[in-house]
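The whole structure should be built from the sequences, with the hints applied where relevant.
Just so you know, the sequences run in chain order R and Z. Here the first sequence is numbered in our numbering, starting from 33 and rising by one per residue. Here the second sequence is numbered in our numbering, starting from 33 and rising by one per residue.
Note that these hints are calculated values from the structure, not bench results. Do not take every clue at face value.
Quick look at which bits of chain Z chain R covers, simulated, 3 or more residues with Cβ under 8 Å [claimed, not checked]:
no. : stretch
1   : 56-66
2   : 105-116
3   : 283-291
4   : 316-327
Cross-link-like lysine to aspartate or glutamate pairs, in silico, EDC-like; alpha carbons within 20 Å at most [stated by the list, open to error]:
no. : chain 1 : residue 1 : chain 2 : residue 2
5   : R       : 457       : Z       : 65
6   : Z       : 257       : Z       : 213
7   : Z       : 457       : R       : 452
8   : Z       : 446       : R       : 452
9   : R       : 204       : R       : 138
10  : Z       : 257       : Z       : 242
11  : R       : 446       : Z       : 452
A few chain R residues that face chain Z, going by a derived Cβ cut-off under 7 Å, partial list only [stated by the list, open to error]:
no. : residue
12  : 320
13  : 415
14  : 418
For every residue, glycine included, the Cβ atom is placed at its ideal position computed from N, Cα and C.
Number of protein chains: 2
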Amino acid sequence: MNQETSDIFEGGASLLVVGALLDGRIADISIDEEGTIRAIGEDIWKECRGEAEFIIDASGRVAIPGLVNTHTHAAMTLLRGYADDMHLQEWLADMIWPLEAHLTAEDVYWGTKLACLEMIRTGTIGFNDMYFFMEEAARAVDETGMKAQLCYGFIDLGDADKREAEIQATEKLVRAIRALDNPRIVPAVGPHAPYTVSVEGLEWCASYADAEDIGIHVHLAETEKEVRDCVELTGMRPVALLDWCNCLSSRTLAAHGCWLDEQECTLLGERGVSVSHNPASNMKLAVNRAMPYHWLHRAGVRVTLGTDGCASNNNLDLFEEMKFAALLQKFFWNSDTLLPAGEALAMATSAGAQALGFGPGRIEQGAPADIVLLDRRSLCMTPLHNVTSNIVYACSGHAADTVLCDGRILMFEKTIPGEEEIREKAEEQAEDLVRRSQ
Amino acid sequence: MNQETSDIFEGGASLLVVGALLDGRIADISIDEEGTIRAIGEDIWKECRGEAEFIIDASGRVAIPGLVNTHTHAAMTLLRGYADDMHLQEWLADMIWPLEAHLTAEDVYWGTKLACLEMIRTGTIGFNDMYFFMEEAARAVDETGMKAQLCYGFIDLGDADKREAEIQATEKLVRAIRALDNPRIVPAVGPHAPYTVSVEGLEWCASYADAEDIGIHVHLAETEKEVRDCVELTGMRPVALLDWCNCLSSRTLAAHGCWLDEQECTLLGERGVSVSHNPASNMKLAVNRAMPYHWLHRAGVRVTLGTDGCASNNNLDLFEEMKFAALLQKFFWNSDTLLPAGEALAMATSAGAQALGFGPGRIEQGAPADIVLLDRRSLCMTPLHNVTSNIVYACSGHAADTVLCDGRILMFEKTIPGEEEIREKAEEQAEDLVRRSQ
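This is how it looks when you write it as structure tokens:
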């Protein structure tokens, strides 16, 4: 470090990352004050050091693109461990929904702060969030320096009055996020799922997303029952229904996709939709089928990775999620070569970043400096026969040492500013939420 | 700490653990110089502090029993990331076996040291190991202070000469371990699997284990093919074959058990056999079926937890393995209430300790002080609605802060003596092994 350590978290400074292990070679990375990677190369520190305000010694560290969590409900960190090991319907009806009925804006603010803390600590630089009181989520993200696509969970259950309220809530959030004027935070429309939103609601979401040029974030084919119910009710499988309502485009990110059939995968590919795989949540809630990665991959669908919310995972560690994805695909589809480590890492980095418009999700000249440095002396990196294998199969997020988002340092050598205060405040908020609901 | 921090790792001292969160209450734990828990209670530190040589401040820490890894090949840490994402037979025949053909005693010593380091760091105090050059593994374990049951992997492939060599290797290891005179390290007989050991070999293993009063460690029903082959060759399923050869008793620990049928589970229960679940390895190698936990549980079988070796996992973190177990059971058997968090934690602690004769695997008066302190301020412990849920579903082994085995401190506030030297030496050894094999 050239300057006082306390300054380094402020952002807006040019940086030089020196001596990182990047794609199998030792390289320096020069980052301008806009947060863009200016140059990458061996020993470029000699020519670049004069321009850099901060120099990060990355010797003994592995540089990878920042991870992107493409499906979560961030503020549900407050519900971590509140209810587990129950039947899905009882879990929702007896535990989760009654607690959520007492949620306040303050809860969502502190829950999202805790989520951001956990994601930064485990190497995630951006995420795709659907929940309530999302203006507060936006405020929390704005303070942390992360990237996010945020949407309000639009649920009309076929009720016209409720639909009107959801439309207003959606429009209000989009205005609020635009007012923040933070290029790292973008709004989206969040039709919850084909089984919770009417055809009219889905059609409004599609036309509003199109008019505002923003993304759509939707749950899709998570359980067998919802697919069966959709066919009974509409005569269409969920993908056909979404397509009929114009909800499928290259701006759409659909989460889960466990029960997609091969034709649906093909159509998602034709429409340019991205699909977020959430293996830990799917296993915990016993959905009984794994997302058909091979069909989606073959159809050219961009497959990304998400943790889902903390009530059904129960953490936000995308390193753990990469391992769950790579192992679940092999196990369920009975193929020991399916979803190799390199593809799992791409799901969590480049695919996620591109799906959300955060950049290429690669460490390359001209890209946003979204970079995670991993401690090469971690036991999970010993020995170092294959860096990518170690990242996906051996490491947890605790291997992350330093995290940059758009060139701003969010964690430096395991230190995140304000961590203990956020942790304590979020814990108090969670306890208070449980008290309020009783 | 009462004394110099450098002394605390030596063992043989009486300890007082003050203010830990234990089973939902704050308690102190008094440990005598033999490593046995003398007393547990609220505020007993006042009466016990005079006797204790060291006082450990455990406020802000959760105390749980030390974890026990009941199936691994410890020295395979050297192969971490060496080969992944391949078809099982090519993986074994083209990558793993050719490398193992060049294994030396020195490799196994350093590989086991690295494994012990990783296990201690992630809260594991003892393990059940099957590999080669096991005298060197015993030496490594002896130096770390962990508990272990060690066996030589006995493989005769029906060849009488090879069988005689395996018998001698087994007897030699048992003598060597007894000569160590370390009560924490016990030998076992290790018939590799029903498909790699002849009936004569299995019978010898059973009678030798009986005569020496030692355990049997065997692979069982990991793949569908081995079960089918066993039936074709012998007319019996693997469990019946092992029973016919007298290999099933309360001293037997069988690993994997993915393809057990219900009758086999019942017989294992009647014989008092323990079964080690290895979910991550089974998923990675795409064995296509999960161990039938519900049948084993119903039959009264003691079900324990193992990571398998690092070539097929690729780490030794039992916290991660608890989550894989609890999620895989729910997912594969399509039951969202199967293997709840409390049972997963018991698999990794009390069941494992009891299966290997390490004690009750519980923190109670008169038990060996095998205790792990977890940092209650970890993000995975925030909020603290349910400690057990957080341990199983949210935490990785990095939540472990301090580890005691038989009252000896193996890790204190994240520090393990000699860690960096072991890591560096093991890494050099792994690189050298690959060079030698080329």
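Are there hints from earlier that the structure breaks, and if so, what are their numbers? 1, 3, 5, 6, 7 and 10
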